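Asker: Residues per chain, in single letters:
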Amino acid sequence: MTLENIKSEMEANVPGCVLEIVGNPSPSGQHSLRIDPAHAVAIATFLRDAEHLRFDYCSNVTGIDWPGKEISEKVKAKKLVDGAEQEVEEIRKTQTIGHLEVVYHLYSMEKKHGPVILRMRTEDRAEGVHLPSLTHVWRSADFQEREIFDLYGVIFDGHPDLRRILMWDGFQDHPMRKDYVEPDDYEYEPTAHDQVLERARQHRTVMGAQ
Amino acid sequence: MDEHLKTELRKQGIVATTLQELYNWGRKNSLWPLNFGLACCAIEMIAASMARYDMARFGAEVFRPSPRQADLMIVAGTVTKKMAPQVVRLYNQMAEPKYVISMGACAISGGPFKQGYNVLKGIDRYIPVDVYIPGCPPRPEALIDALMTLQKLIDKQSLTGADRPRHLQAEAPSEFIVPRFGAHDLEPPQNPEVWDAPLVNISLAGTDDAGKH
Amino acid sequence: MIAATEPVRILSKSPTDDGEGQFLEVSMGPQHPSTHGVFRMDVVLDGERIVKLKPVFGYLHRNHEKIAENETYLGSMPYTDRLDYFCSLTNNWAYALAVEKLAGIQVPERAEYIRIITAELTRFQNHAALIGFLTQDMGASGTPLMYAFRERETILDLFESLTGARMMCNYMRFGGCRVDLPAGWLDHAKQFAATLPRFLDEFERLLATNEILMARTQGVGVLSKEFAVNAGVTGPILRASGVNYDLRKVDKYGIYDRFAFKIPLGEHGDTYDRYMVRLLEMRESLNILNQALKDIPDGPIVDPKTKIRGFKPKPGEAYGRIEAPKGELGFYLISDGTPNPYRYRVRSSCMMNLTVLEELCIGRNVADVVVILGSIDIVMGEVDR
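For the record, the sequence lines run as chains A, B and C.
So the first sequence is numbered by this note's numbering: it starts at 1 and just counts up by one.
So the second sequence is numbered by this note's numbering: it starts at 1 and just counts up by one.
So the third sequence is numbered by this note's numbering: it starts at 1 and just counts up by one.
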């Protein structure tokens with residue numbers, strides 16, 4: 001059973017769903033299917049319950065952070081240079097928004113096939129981080145979705161118990177994001193010199209500067 | 001008392017000793033560790049108490065699950081920031097005299113995980129440590145060596161005088177600040193009464209001040 | 001024993017409660033002799049009966065995934081040792097398998113045999129130690145654990161002479177293994193394997209029909225087939241519930257299809273079945289081990305085409321999984337063509353297996369929680385990562 005077949009079956013059985021096959025150029029050949037969050041629960045239920053698919057086992061759920069990138073492209077523009085119009089190359093910079101992605105690896109314990117890989121994207125990384133929870137379809141997503149909420153900050157709507165799982169409750173950051181900066185913890189420097197020595201001095205509390 | 005005379009007396013079945021020796025002898029040979037494992041090193045700690053390495057030979061096999069009954073805390077494994085308040089609280093709950101062995105690279109400095117955002121870079125930021133064991137994880141023999149080192153340290157302690165151990169000094173602290181969970185980090189990130197950022201100035205290397213802190 | 005985190009609270013009577021008295025909320029752990037590490041359970045009790053149980057973890061969250069994203073592919077190998085620190089060699093294998101999928105690397109035959117030998121030895125010592133800990137939690141103070149650790153020490157000696165370390169072996173490489181077997185190692189291993197049937201018989205005779213063990217485990221913590229599958233439970237716990245799903249048979253990774261072995265399955269899904277499945281799996285491990293020790297061919301131990309330094313897989317992603325002693329251990333890697341993985345994810349078997357803990361414990365007594373947790377077989381290094 002190929003991913004194309006599964007895709008067309010899903011399109012036939014879940015009306016209105018938007019699916020896209022994401023190719024994987026690596027030798028593993030594990031291609032995945034991007035699904036739209038609005039139909040995620042329906043798609044998941046179909047995959048789990050369809051008689052010949054029976055993806056009853058959701059093995060791995062994980063988040064990925066794709067921060068916004070600065071894309072610079074060379075654009076030819078016409079400009080007035082010394083009174084005459086000339087064609088000049090300009091570098092135009094655009095900033096993409098970035099998004100968070102959640103990946104589900106599905107297998108079938110009954111039919112012993114798999115994996116089918118589902119991906120979902122959030123709108124951005126700040127406000128639009130809501131995705132539907134698939135915990136009610138596969139209970140195994142419970143802790144893993146909590147972990148993604150904790151470390152990436154994706155909010156899973158419909159999750160029964162969405163709390164932090166690895167960090168403590170009062171913690172405010174999402175440390176697995178690529179732009180997370182951890183608090184400054186001084187470490188012992190065996191041969192401190194120059195800037196490192198200066199940094200070490202700033203952390204010293206008892207002795208003054210030597 | 002003269003060592004020679006003591007040996008001679010012992011041959012005759014007479015034991016002559018001082019109160020200090022008796023006191024230290026009792027304490028060093030019945031160190032009851034806290035039954036408390038954090039990570040990988042705890043497995044080596046268990047292995048050390050099993051038949052092959054047999055920590056019982058040193059009087060330290062009675063692992064107590066309650067800190068109230070324990071003398072020795074073996075910090076065996078990575079102390080994370082989420083776990084650090086509990087470790088300090090357990091230390092505070094132990095009765096004096098109490099000792100700490102910091103077992104493994106993680107408990108000393110964060111070890112291989114020192115880059116981690118949730119890893120405390122050494123338990124000595126919050127509680128005083130008596131013996132450090134390097135290794136990842138240290139072998140059971142290393143733990144036994146640390147135990148013997150601790151026993152030697154206890155043996156040297158004097159009952160009176162300015163250098164008497166902490167538990168005999170009324171004014172010395174027995175409990176330390178338990179850090180609180182903050183929004184980004186533990187508060188405070190280290191206890192300045194216990195830990196001071198060590199500094200080795202390379203320009204002073206070789207002089208007496210080089211390793212001072 | 002109890003405490004260390006939050007005070008014991010008495011909750012007001014809940015409207016759904018039909019019994020007498022009040023509920024008591026107890027925090028078991030993170031320092032508790034039976035929680036196998038820094039694991040905590042928030043338990044709500046009605047007398048001795050469990051009404052609610054919430055696992056709390058993260059006390060050993062050492063940021064393995066974040067560190068690995070800033071580390072080279074090979075640089076993460078020693079960290080995988082410290083995931084499930086009982087079974088470093090199977091962790092190595094799972095990671096190596098994922099990278100081999102990502103980069104399309106072949107493994108020479110001898111290396112596959114060495115991997116299977118070490119993995120089955122790992123499985124053996126893990127199950128032995130687990131049964132020791134489980135019975136210790138039930139009050140068999142010391143003896144079974146001592147027996148288990150006696151065998152474990154011998155296996156660790158074999159690991160040490162092969163890899164240089166007792167626990168943190170850091171042995172497997174992408175496309176093979178780090179070093180070849182030292183002279184005489186196979187003979188030692190064969191001699192040792194010949195003594196194992198005696199140990200297994202002794203271990204089984206010591207415990208399997210023990211009245212206390214049976215009373216405390218039979219019918220305790222029954223896990224149904226459907227719930228186990230839906231909750232993503234894997235490994236011996238899943239098979240104790242009667243689901244025939246072992247990745248050694250399903251995925252046939254490595255060269256497991258060359259070996260004849262059986263998959264023990266449970267019938268009731270209770271704690272006793274989980275104990276028994278492990279005991280039988282040890283026999284099957286020994287079976288595989290004997291076949292592998294007999295058939296191991298000569299040859300290279302690492303694929304000569306693999307680059308060790310400057311290893312940069314092409315952009316793409318891969319999910320590789322193996323049947324670790326505790327269940328399915330998977331690694332999900334995304335490469336962006338640089339020497340560091342863009343995303344490095346560990347699918348931990350222990351953490352998934354904990355999903356069912358609350359359902360197994362509700363309605364049981366406090367003392368049963370300890371036994372049920374023991375039979376789930378968690379290692380905090382892998383739960384929290």
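Keep in mind that the hints were calculated from the coordinates and are not lab data.
Any given hint might turn out to be false.
Under the rule of at most 25 Å between Cα atoms (straight-line distance), these lysine to aspartate or glutamate pairs were calculated in the DMTMM-like manner [stated by the list, open to error]:
hint: 1; chain 1: A; residue 1: K178; chain 2: C; residue 2: E226
hint: 2; chain 1: A; residue 1: K93; chain 2: A; residue 2: D179
hint: 3; chain 1: A; residue 1: K93; chain 2: C; residue 2: D336
hint: 4; chain 1: C; residue 1: K314; chain 2: A; residue 2: E110
hint: 5; chain 1: C; residue 1: K312; chain 2: A; residue 2: E110
hint: 6; chain 1: A; residue 1: K112; chain 2: C; residue 2: E71
hint: 7; chain 1: B; residue 1: K114; chain 2: A; residue 2: E70
hint: 8; chain 1: C; residue 1: K252; chain 2: A; residue 2: E20
hint: 9; chain 1: A; residue 1: K69; chain 2: C; residue 2: D257
hint: 10; chain 1: C; residue 1: K190; chain 2: C; residue 2: D257
hint: 11; chain 1: B; residue 1: K114; chain 2: C; residue 2: E71
hint: 12; chain 1: C; residue 1: K54; chain 2: A; residue 2: E9
Because the structure is a prediction, the values reported are computed rather than measured.
Asker: So, against the hints stated earlier in the document, which numbers end up violated here?
Answerer: Violated: hints 1, 4, 5, 6, 7, 8, 9 and 12.
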